[in-house]
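Chains as they are written, first to last, in this note's numbering: chain H, 36 to 362; chain G, 36 to 362; chain V, 55 to 394; chain L, 55 to 394.
Read the hints as simulated data drawn from the structure, not as lab findings. No residue lacks a Cβ here, since even glycine has one placed at the ideal position from N, Cα and C. Please note that the accuracy of each hint is not assured.
Some chain G residues flagged as far from chain L (calculated, every beta-carbon gap over 10 Å) [said to hold, decoys possible]:
id	residue
1	M79
2	K82
3	M107
4	T145
5	D199
6	K215
7	G216
8	E220
9	D239
10	R275
11	P276
12	D280
13	R314
Derived list of chain H stretches under chain G, where covered just means 3 residues or more per stretch with a C-beta under 8 Å from a C-beta of chain G [claimed, not checked]:
id	segment
14	129-135
15	222-229
16	254-262
Partial chain V-side listing against chain L, Cβ under 7 Å, derived [to be verified]:
id	residue
17	Y101
18	V161
19	S221
20	G223
21	H226
22	L234
23	P253
24	S255
25	L265
26	G268
27	G271
28	A287
29	T299
30	K333
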Amino acid sequence: MPSIRYREALKQAMTEEMIRDERVFLLGEEVGYYQGAYKVSEGMLDKFGPKRVVDAPIAEAGFAGLGIGAAMVGLRPIIEFMTWNFSAVAFDQILCNAAKIRQMSGGQFTVPIVFRAPNGSAAQVGSQHSHAMEHFYAQIPGLKIIAPATPADAKGLLKTAIRDDNPVLCFESETLYSVKGEVPEDPDFLVPFGQANIARHGKDVTVVAWSRIVNVALDAAAKLEKEDIDVEVIDLRSLRPLDTDTIIASVAKTHRAVIAGEGWPYGGVGAEIVDRIQRLAFDELDAPIERVQTMDVPMPYNAKLEQLVIPQAAGIVEAVKRSLYRA
Amino acid sequence: MPSIRYREALKQAMTEEMIRDERVFLLGEEVGYYQGAYKVSEGMLDKFGPKRVVDAPIAEAGFAGLGIGAAMVGLRPIIEFMTWNFSAVAFDQILCNAAKIRQMSGGQFTVPIVFRAPNGSAAQVGSQHSHAMEHFYAQIPGLKIIAPATPADAKGLLKTAIRDDNPVLCFESETLYSVKGEVPEDPDFLVPFGQANIARHGKDVTVVAWSRIVNVALDAAAKLEKEDIDVEVIDLRSLRPLDTDTIIASVAKTHRAVIAGEGWPYGGVGAEIVDRIQRLAFDELDAPIERVQTMDVPMPYNAKLEQLVIPQAAGIVEAVKRSLYRA
Amino acid sequence: MVATTKTSSKKPEPVGPSPEARLSRLLGFYRQMLLIRRCEEESARAYAQGKIGGFLHLYIGQEAVAVGACAALRPDDYVVGTYRDHGLAIAKGMNVKQVLAELFGKVTGCSKGLGGSMHLFDAAHNMLGGYGIVGGHIPLAAGVAFASKYRQDGRVTLCFFGEGAVSIGGFHEACSLAALWKLPIVFICENNEYSMGTPLSRTMSVEDVSLKAGAYGMAKDRLFVRDVFDVEARVAEAVARARSTSEPTLIEARTYRFRGHSMSDPGKYRTPAELEEHKKNDTLAQARSALIAGGAGEKLAELETDVEREIEEAVRFAEESPEPTPDLLESTTYAGPFAR
Amino acid sequence: MVATTKTSSKKPEPVGPSPEARLSRLLGFYRQMLLIRRCEEESARAYAQGKIGGFLHLYIGQEAVAVGACAALRPDDYVVGTYRDHGLAIAKGMNVKQVLAELFGKVTGCSKGLGGSMHLFDAAHNMLGGYGIVGGHIPLAAGVAFASKYRQDGRVTLCFFGEGAVSIGGFHEACSLAALWKLPIVFICENNEYSMGTPLSRTMSVEDVSLKAGAYGMAKDRLFVRDVFDVEARVAEAVARARSTSEPTLIEARTYRFRGHSMSDPGKYRTPAELEEHKKNDTLAQARSALIAGGAGEKLAELETDVEREIEEAVRFAEESPEPTPDLLESTTYAGPFAR
Ligand SMILES: Cc1ncc(C[n+]2csc(CCOP(=O)(O)OP(=O)(O)O)c2C)c(N)n1
Ligand SMILES: Cc1ncc(C[n+]2csc(CCOP(=O)(O)OP(=O)(O)O)c2C)c(N)n1
Ligand SMILES: [Mg+2]
Ligand SMILES: [Mg+2]
């Protein structure tokens, strides 16, 4: 299997699906002539032309809504936000239209659309450009949420998303775009939603993570291994649907859980996972479920403070030890 | 103490604070000449004139942002959204500006602004008009979130909000506006944030609720009393800050908890409360923490289905019994 | 991009070959307008009886806009509207039964009773829905037109909204994209002088909404609605432009609503005199007089009894239809397996 | 509301009483423009050395806009800008030390190292910040003007944004509100022909951004920036209108950026020839020639060494300053006790 970068895996997914299905097109800021703000769509304009790789002006609510309308009548748009932060101006379109149209039309209209963008912190991009937006969207019924951590999942999950008849939001990460990994070439390689991947098998503590924090959790697991602590790392892959079974099965084995992800502590995906575990595996738990997340403040620009605010392997190590009463 | 309606209590709060402080003004759609879409501001235009009771065109992002800018330079705006649903088009202004400006200016600028509106379901207003928006906003550091359940708290919390130097979001309820209750007349009557109210004392199970669901929880408690189940009902009053101490003290006594509130099951305020309880009172819990919330679907128009989707006393009764293993 | 303009509202040349043809077309228009008027009146009654819940926004007084505009369309053309959508739904060909059943929250309604008054959808008639967030549907309509251009299917999309929507970002972004990408769409602003309780003068710095088109170099038109034929002709012009050269147009149609914003609106913001003045220009009444003057009195009588029968049947149908069942909730939320 | 217009860019009558006065004012302008240019060049170097992180958007080529515009202001007037805010900050009177220290992420920076390049704030100079969400700051600026009108403090607000921001809702809603409520604000669109890598022609259906003013009945002006005096004069006119009659103005200033959108931009979307062509109109170089021609060569030399010293000091200051400490995080998030 060839080893390619996360960003190329995403491009392969879009390219293969656009070859497969005339109705699929890519629209967003700088996706065409500029070759993508983060080069994810590099070369796609040459391949498909301006009809199917569309450069949009800065009007996220406008082109998000435009994509939803196009999807209602049978196209299958891929809408790229330059980053998920900028989807905040399109929040109403996703909340009130993308997620609602199927039900409020009595099931007459579906919205087969994909919204994708890098998410979470990058390097010192500051207060307004570092949001972990999945926590807002995962709450909303009618949407599906994916957060690939590896190049293979980036390709397989995005292809599944493009073929899905519901609105799917794909949360990528600028810091993952250059990461390499083996990726199948089969044009029908699909990764199903709702099936978490056990990134590392272990028996002592379950660490649940997604997107780039999966790698941070694996670092932490490696450190803990030296202290004879055997951590199981679950890569969720999709946040809605959430693979509760895999999480519960793991906790039933380890009896301890730590949830790690970017995003503020209050509520969000992390709290939801805690809620499910305590409800479905109450008698299995030998310790409180720990959470490791972004500090409860806006993202500071200063590099050291930014690193302090973002979840780190050291924080996961501590949380795992707390859950083992070894802290 | 005179008994007045929830909507009048809100008006008293705004009126008293506008008399007290020239910098306070009310701006929103139909707040003036129309006397308020829900009559909360009835008579205020006559009292204060169009300079301080400002009718706005339909441009929520615009006038939310305008309020933030005015607050940065020393005014103290009260921005009324016709309902919280419509704040979705202003989401970016609240997320990226209101909540961020103080920190990203190094503390130079504060944003003393209040956003207020009815929230959650009303009677059959359907898919796009029934959102429980507090779950999105409570996640965001830099904001304070209040959700008064009684006329007295509506007045006291809103007055505290108007005097607060931070952005405060006030979640009201159309179905509470006509509810009557005793309200102090003291112009300096303030209800502090972060202090929950024990709406009913009990020893068997703790039910945590906010806004109009507090009343639903009290109904459930009354029903359960007949079955010799003694429920303690906690009215949170403010969601950020959240009065964790009161919740934990109650759970330490009852050893069982049920969280009840409008809003979808995935994440949100309910999940956050579960997370805090299991982390801080792990050894106190004799049963999984239960949650009673809106079903995980958009709000249907049909009256019976709507009632099925919204949290009801019966659902709280069942959850309480489950937590007592009596279901 | 050239911006064509028309702001007078003088009568255009008669549409159709002969006066007879014109008269029979007027009969057709009158029937649709009457059907809408009666549907709204029955809705109001049913609302008072508690058979309809939530918000109810009546179209009474504005019938000529939707009827005239839809007359300029092919059946395969698309329409997108606001929460004030009953008239548009009927004008686009939807059955009154489906509409009233939806308002009654019945499973036989166009949206299975899940959408309600503000959210009428009908795939069969390319009615892409009524929407409750002011301005939120305008980009969506641009997307429908984008799809037509993408597929070269020759269809045109009409997007309706009130003058209150013109100040919000969704209007601006949709117009910007439609003009930039030359989308086959006609934006129809139904300027009924009030945004809820707020008159034009307090929501906009310019009274002429069609001026907004200049910001996008978009073709525009402006008319004061007095005549359904005029509406048809003006919209037909814009539709032709969209179909032939794929250029968008902004049309301002000055009209007036005879009822409150919604059922809960006491309407204190306008005087009875103002209301009465406008009712003198009721396009429905005028069409009726024209028909009588034109000697179609007999046909008219038939038509009116016929409409009454249709309305009665629709009300009965709505009342007697079953309600939607809980199993619909999850199956309509997601296509395929539920995601939680 | 009358919409005044000027679209030529012919030289206005000399500002100030005498040629001497004009020359000394030009010296002042040149100093500010040079300070900005040099600050940006040093920032670029520091960025390459990894001393500055995140995004860095340079103002090189556009200096005359901020300098000319701020020259038309009183110290107590307000400015609000985008992420491309270094030039505006300095033009409004901020010390280069505070600016560079902020870019270096130091606690001595204007925003304590918490904001960074995109978020320069300075209450002392009424610099209300640089903002990262395109269009998001425009309504906010309208609010600052609203406060001035509310308090009758006679202040004017200048709001800067790029032509890429004109398609987004925030621009439209802010203009709608400012025109409706007659707010004392001047909207300055710095049209540098590119929105990141996208030329004007592919982001807007009209090339003349000032046309957008017509949609609001707002006063407008349009100039091709060749001369800092011209910028000052045109902005002064709009500022006077705002201050005297509390009317907003939309000014389009056609300009050009000599560097990439940000440091990561390879700039493949334009030819070196195009860039060189524009560099010939570099307002900084032209001001310099004018000063020499005017016989101010000596003063010029002094000034330039002086600026060099100021820049050196600022860089040293930024490098040697301490970083912000963790305790700042919570205390800057909330005024008063933390809310969790
Ligand atoms: C974004 C948003 N803000 C506010 C509302 C509440 N609202 C519903 S209709 C309406 C007035 C709209 O007036 P107009 O656009 O003129 O349409 P009309 O009702 O006159 O047909 C308002 C303020 C809403 N639905 N959406
Ligand atoms: C809402 C939003 N969408 C996208 C971006 C990403 N972005 C930052 S600057 C920029 C281009 C802006 O161009 P222009 O407005 O012309 O200003 P200039 O950079 O030329 O000064 C884009 C797309 C953003 N910051 N905010
Ligand atoms: Mg109207
Ligand atoms: Mg630009």
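Verification of the supplied hints:
1. Every C-beta of chain L lies more than 10 Å from that of M79 of chain G, the closest at about 16 Å, which supports listing it as non-interface.
2. The Cβ of K82 of chain G sits about 17 Å from the closest Cβ of chain L, beyond the 10 Å cut-off, so the non-interface label holds.
3. For M107 of chain G, the shortest C-beta to C-beta distance to chain L comes to about 6 Å, within the 10 Å cut-off, and the non-interface label is violated.
4. Consistency note on T145 of chain G: stated as away from chain L, yet its beta-carbon is not over 10 Å from all of that chain's, at 5 Å minimum.
5. The beta carbon of D199 of chain G sits about 8 Å from the closest Cβ of chain L, which is not more than 10 Å, so the claim that it is off the interface is violated.
6. Its beta-carbon lying about 30 Å from the closest one in chain L, K215 of chain G satisfies the requirement of being farther than 10 Å from that chain.
7. Listed as outside the interface, G216 of chain G is consistent with that label: its C-beta sits roughly 26 Å from the nearest C-beta of chain L, beyond the 10 Å cut-off.
8. Every C-beta of chain L lies more than 10 Å from that of E220 of chain G, the closest at about 27 Å, which supports listing it as non-interface.
9. Every Cβ of chain L is farther than 10 Å from the Cβ of D239 of chain G; the closest lies at roughly 29 Å, confirming the non-interface assignment.
10. Taking the minimum C-beta to C-beta distance to chain L, about 5 Å, the non-interface status of R275 of chain G is violated against the 10 Å cut.
11. Non-interface call for P276 of chain G relative to chain L: violated, since the shortest CB-CB distance, roughly 4 Å, does not exceed 10 Å.
12. For D280 of chain G, the requirement that its beta carbon stay farther than 10 Å from each beta carbon of chain L is met, with the minimum near 12 Å.
13. The beta carbon of R314 of chain G sits about 13 Å from the closest Cβ of chain L, which is more than 10 Å, so the claim that it is off the interface holds.
14. Note: the segment 129-135 of chain H has 4 residues with beta-carbon separation from chain G under 8 Å; the three-residue rule is met and the coverage holds.
15. For the segment 222-229 of chain H, the proposed coverage by chain G is not satisfied: 0 residues have a C-beta within less than 8 Å of a C-beta in that chain, short of the threshold of three.
16. Counting residues of the segment 254-262 of chain H whose beta-carbon sits less than 8 Å from any beta-carbon of chain G gives 0, not enough to reach three: the coverage restraint is violated.
17. A least Cβ separation of about 33 Å between Y101 of chain V and chain L goes past the 7 Å threshold, and the interface hint is therefore violated.
18. Annotation: interface hint on V161 of chain V violated; nearest CB of chain L at approximately 38 Å, more than 7 Å.
19. Checking S221 of chain V against chain L: minimum C-beta separation of about 4 Å stays under 7 Å; hint holds.
20. Using the Cβ-Cβ criterion of 7 Å, the hint placing G223 of chain V at the interface with chain L is satisfied: the shortest such distance is roughly 2 Å.
21. A distance limit of 7 Å between C-beta atoms decides the matter here; for H226 of chain V the minimum to chain L is near 4 Å, and the interface restraint holds.
22. With a least beta-carbon distance of about 5 Å to chain L, the hint placing L234 of chain V at the interface is held under the 7 Å criterion.
23. The closest approach between the C-beta of P253 of chain V and any C-beta of chain L is roughly 13 Å, which is over the 7 Å cut-off, so the hint fails.
24. Of the supplied interface hints, the one on S255 of chain V is violated, with its beta-carbon coming no nearer than about 9 Å to a beta-carbon of chain L, more than 7 Å.
25. For L265 of chain V, the interface hint holds, the least distance from its beta-carbon to any beta-carbon of chain L being 6 Å, beneath 7 Å.
26. Checking G268 of chain V against chain L: minimum C-beta separation of about 5 Å stays under 7 Å; hint holds.
27. Restraint check, G271 of chain V versus chain L: the minimum CB separation of about 4 Å is within 7 Å; hint holds.
28. At about 26 Å, the closest approach between the beta carbon of A287 of chain V and any beta carbon in chain L exceeds 7 Å, and the interface hint on this residue is violated.
29. Among the interface hints, the one on T299 of chain V is violated; its C-beta lies about 14 Å from the nearest C-beta in chain L, farther than the 7 Å criterion.
30. Checking K333 of chain V against chain L: minimum C-beta separation of about 30 Å lies over 7 Å; hint violated.
Checked against the numbered hints above, the structure breaks hints 3, 4, 5, 10, 11, 15, 16, 17, 18, 23, 24, 28, 29 and 30 and satisfies the rest.
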